[in-house]
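Asker: Read off the chains here:
Number of protein chains: 2
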Amino acid sequence: MPEQSIHSERRSRAAALLATLNPKQPLDCLVVSGRENVRYLTGFTGSNSMLLVFADGRSILYTDPRYTIQAEQQADCRVKIAKGSLTTELMDDFDRSGKLWIAVEKEHLTIGAFEAFTKILPARAAVEAVAGPVEKLRMVKDAGEIELIRQSVILNSAAFEAALKRVKAGITETDVAAEIDYRSRKLGADGPAFETIVAAGEHAALPHAQPGLAKIGPGMLLIDMGAFLGGYASDMTRMVHIGKAPARYRKAYKAVQEAQLAAFDKVKAGVTSKAVDAVTRKTLKAHGLDKEFVHSTGHGLGLEIHEAPRIGRKDSTKLEAGMVITIEPGVYFEGWGGIRIEDTVLVTKTGCEILTPTSKEQIEI
Amino acid sequence: MPEQSIHSERRSRAAALLATLNPKQPLDCLVVSGRENVRYLTGFTGSNSMLLVFADGRSILYTDPRYTIQAEQQADCRVKIAKGSLTTELMDDFDRSGKLWIAVEKEHLTIGAFEAFTKILPARAAVEAVAGPVEKLRMVKDAGEIELIRQSVILNSAAFEAALKRVKAGITETDVAAEIDYRSRKLGADGPAFETIVAAGEHAALPHAQPGLAKIGPGMLLIDMGAFLGGYASDMTRMVHIGKAPARYRKAYKAVQEAQLAAFDKVKAGVTSKAVDAVTRKTLKAHGLDKEFVHSTGHGLGLEIHEAPRIGRKDSTKLEAGMVITIEPGVYFEGWGGIRIEDTVLVTKTGCEILTPTSKEQIEI
Numbered sequence: 001m002p003e004q005s006i007h008s009e010r011r012s013r014a015a016a017l018l019a020t021l022n023p024k025q026p027l028d029c030l031v032v033s034g035r036e037n038v039r040y041l042t043g044f045t046g047s048n049s050m051l052l053v054f055a056d057g058r059s060i061l062y063t064d065p066r067y068t069i070q071a072e073q074q075a076d077c078r079v080k081i082a083k084g085s086l087t088t089e090l091m092d093d094f095d096r097s098g099k100l101w102i103a104v105e106k107e108h109l110t111i112g113a114f115e116a117f118t119k120i121l122p123a124r125a126a127v128e129a130v131a132g133p134v135e136k137l138r139m140v141k142d143a144g145e146i147e148l149i150r151q152s153v154i155l156n157s158a159a160f161e162a163a164l165k166r167v168k169a170g171i172t173e174t175d176v177a178a179e180i181d182y183r184s185r186k187l188g189a190d191g192p193a194f195e196t197i198v199a200a201g202e203h204a205a206l207p208h209a210q211p212g213l214a215k216i217g218p219g220m221l222l223i224d225m226g227a228f229l230g231g232y233a234s235d236m237t238r239m240v241h242i243g244k245a246p247a248r249y250r251k252a253y254k255a256v257q258e259a260q261l262a263a264f265d266k267v268k269a270g271v272t273s274k275a276v277d278a279v280t281r282k283t284l285k286a287h288g289l290d291k292e293f294v295h296s297t298g299h300g301l302g303l304e305i306h307e308a309p310r311i312g313r314k315d316s317t318k319l320e321a322g323m324v325i326t327i328e329p330g331v332y333f334e335g336w337g338g339i340r341i342e343d344t345v346l347v348t349k350t351g352c353e354i355l356t357p358t359s360k361e362q363i364e365i
Numbered sequence: 001m002p003e004q005s006i007h008s009e010r011r012s013r014a015a016a017l018l019a020t021l022n023p024k025q026p027l028d029c030l031v032v033s034g035r036e037n038v039r040y041l042t043g044f045t046g047s048n049s050m051l052l053v054f055a056d057g058r059s060i061l062y063t064d065p066r067y068t069i070q071a072e073q074q075a076d077c078r079v080k081i082a083k084g085s086l087t088t089e090l091m092d093d094f095d096r097s098g099k100l101w102i103a104v105e106k107e108h109l110t111i112g113a114f115e116a117f118t119k120i121l122p123a124r125a126a127v128e129a130v131a132g133p134v135e136k137l138r139m140v141k142d143a144g145e146i147e148l149i150r151q152s153v154i155l156n157s158a159a160f161e162a163a164l165k166r167v168k169a170g171i172t173e174t175d176v177a178a179e180i181d182y183r184s185r186k187l188g189a190d191g192p193a194f195e196t197i198v199a200a201g202e203h204a205a206l207p208h209a210q211p212g213l214a215k216i217g218p219g220m221l222l223i224d225m226g227a228f229l230g231g232y233a234s235d236m237t238r239m240v241h242i243g244k245a246p247a248r249y250r251k252a253y254k255a256v257q258e259a260q261l262a263a264f265d266k267v268k269a270g271v272t273s274k275a276v277d278a279v280t281r282k283t284l285k286a287h288g289l290d291k292e293f294v295h296s297t298g299h300g301l302g303l304e305i306h307e308a309p310r311i312g313r314k315d316s317t318k319l320e321a322g323m324v325i326t327i328e329p330g331v332y333f334e335g336w337g338g339i340r341i342e343d344t345v346l347v348t349k350t351g352c353e354i355l356t357p358t359s360k361e362q363i364e365i
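Taken in sequence, the protein lines are chains L and D.
With the first letter of the first sequence counted as 1, position 86 gets the number 86 in the working numbering; the numbers rise by one all the way through.
With the first letter of the second sequence counted as 1, position 364 gets the number 364 in the working numbering; the numbers rise by one all the way through.
Any given hint could turn out to be false.
Cut-off 25 Å, straight-line C-alpha distance, at most; resulting in silico cross-link-like pairs (DSS-like, lysine-lysine) [unchecked claim]:
#1 L:Lys268 x L:Lys318
#2 L:Lys186 x L:Lys165
#3 L:Lys24 x D:Lys314
#4 D:Lys314 x D:Lys291
#5 D:Lys24 x L:Lys186
#6 D:Lys24 x L:Lys119
#7 L:Lys83 x D:Lys215
#8 D:Lys274 x D:Lys215
#9 L:Lys99 x L:Lys119
#10 D:Lys349 x L:Lys83
#11 D:Lys291 x L:Lys119
Calculated from the structure, these hints are not laboratory results.
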């Protein structure tokens, strides 16, 4: 079973990290509490889980009785079903005979959960809250993950094409969103990767608009949609203009398109995230539109719709071949609308591959 | 604008709590970081926000430039747009002249966020991590919230009825889930309240099964579905049997139904959550089915699909009039299937009102 060997290989890599997380002290085990991290390392998708990865390679997955059967089916490591709290169950598996160095995920454990955890720790244990060791592994995708994202992106574009046929003036934003989600599911998606954004006219000025009962067109329509397929996300934004687009729209569209192309040209293994963001921003500035670009250029995606790296002003992550990111410049004008174009791209040694097959020509319908 | 006065009244109640959270020391302000808590207190629905509530009643909402327009439209308190981290922006609003007692939400701040927060705190500040003050307010719903939940429940049942017409042997679990989500959206839902569960035959043995490409029937079909409407959740589980149901199924169905009725009889203001759970468990035990009941009897719902109280073995919350909870006993048999029946109910002074209008008679199609 190839899926199993992948998870077990990932756990070995996580175990190997334990020697490096604290330069002064090798750690004995990592408590994984982030849901997608547990999925990445075991295949288990339940909503309540923790995973203990020991430096020697052993792993134990903890979940509750709702998931007894599912955990057996999905996970390829030892599984324990906790009747009470997972944390309490997990304590039994710490070796109490000597000093124990335990790493916990600082981005996934709340203060409350951490307090509960430390309260029942063996006396000889020391806890180190570490930043995203599993997220670091997840940044660079393996061949299987890239294939799943590729399929997710293709499915997402197919759902867009299918839904687009139903778009016309007079129907509501919600109608379009419902149509998109339906088409996506019928094409085999696990579900939407985030709440589908369908924003007509001046609603498009809100980068994260929620679809409402507003009637569409004539005028601009922004659609930002993504699917999960086999657990992996896709993400795309396209603009549609109902009726003939005015000059202001066409000009802004061209500027955003140019900014996206400039980012594509910049993306390549070895380049920093912020350098990609900078070139997008610079291109929009040349059009006098930098102040209207109110978010980052993009983000990594995979088991989550937003994951590392962030393609933004401050992220100095060096891109690596196998990372999958979005490139999505946008400009927003209160009272008028907004324009964003977004593709999912794979970073390669020599540049990038744009995975999204949907055309970026201006669409007027 | 009544909506505004509700949020402002809620903030006053949150501010009043600051005097009571630490018995030794009244606190000066509460940093609200839970997304639904921010929504509850301001109306703002953006994905990135923090709210500062001072004991004197002032409040400031922080978000990022993606939400400039949306925050102005939705929130009825002062809004600040942070270019960098919200935490950094928020520091500017602490009075640095005297000792300052700050409460943070221990269930919503990760260790990492807490570290970042304390690192830049004014020297004279003390931080107290408190457990769910806003969640406590949210447990008892006001009239407007109850009305929204009522509408959400009715919409959810209507979507079930509409989707049920399409259910027949030969279509897939995913087809049914897509149909449900589509109907729900077309009826006006914001979206599904959780990933719709459609589990055929032995898949129903997994309480949280994910719909797949398995073909339906003949045999049992478990559907667990919920919608968000105006931000508020509904939650319902129904069983459908494709073809004539065998005796084993009918017997188990009757036992679960009886357990649910016993719970309804028990629910009433003043009764504890665990007493309701106990009566459900006892009823199933009388049928020799207590070991097959692998989860809690139910949970509160509102802005989140799962919120306090938990109707489980260990929760000693006293039910109050205005709480809205689910009652959902279920029994699960590996290799055979599972049966669950779930309604959304409103706790009243004298008992409860079952909000879910859908029949619980055995359905055979």
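Asker: Any hints from earlier that this structure breaks? Give me their numbers in increasing order, please.
Answerer: 3, 5, 7, 8, 10 and 11
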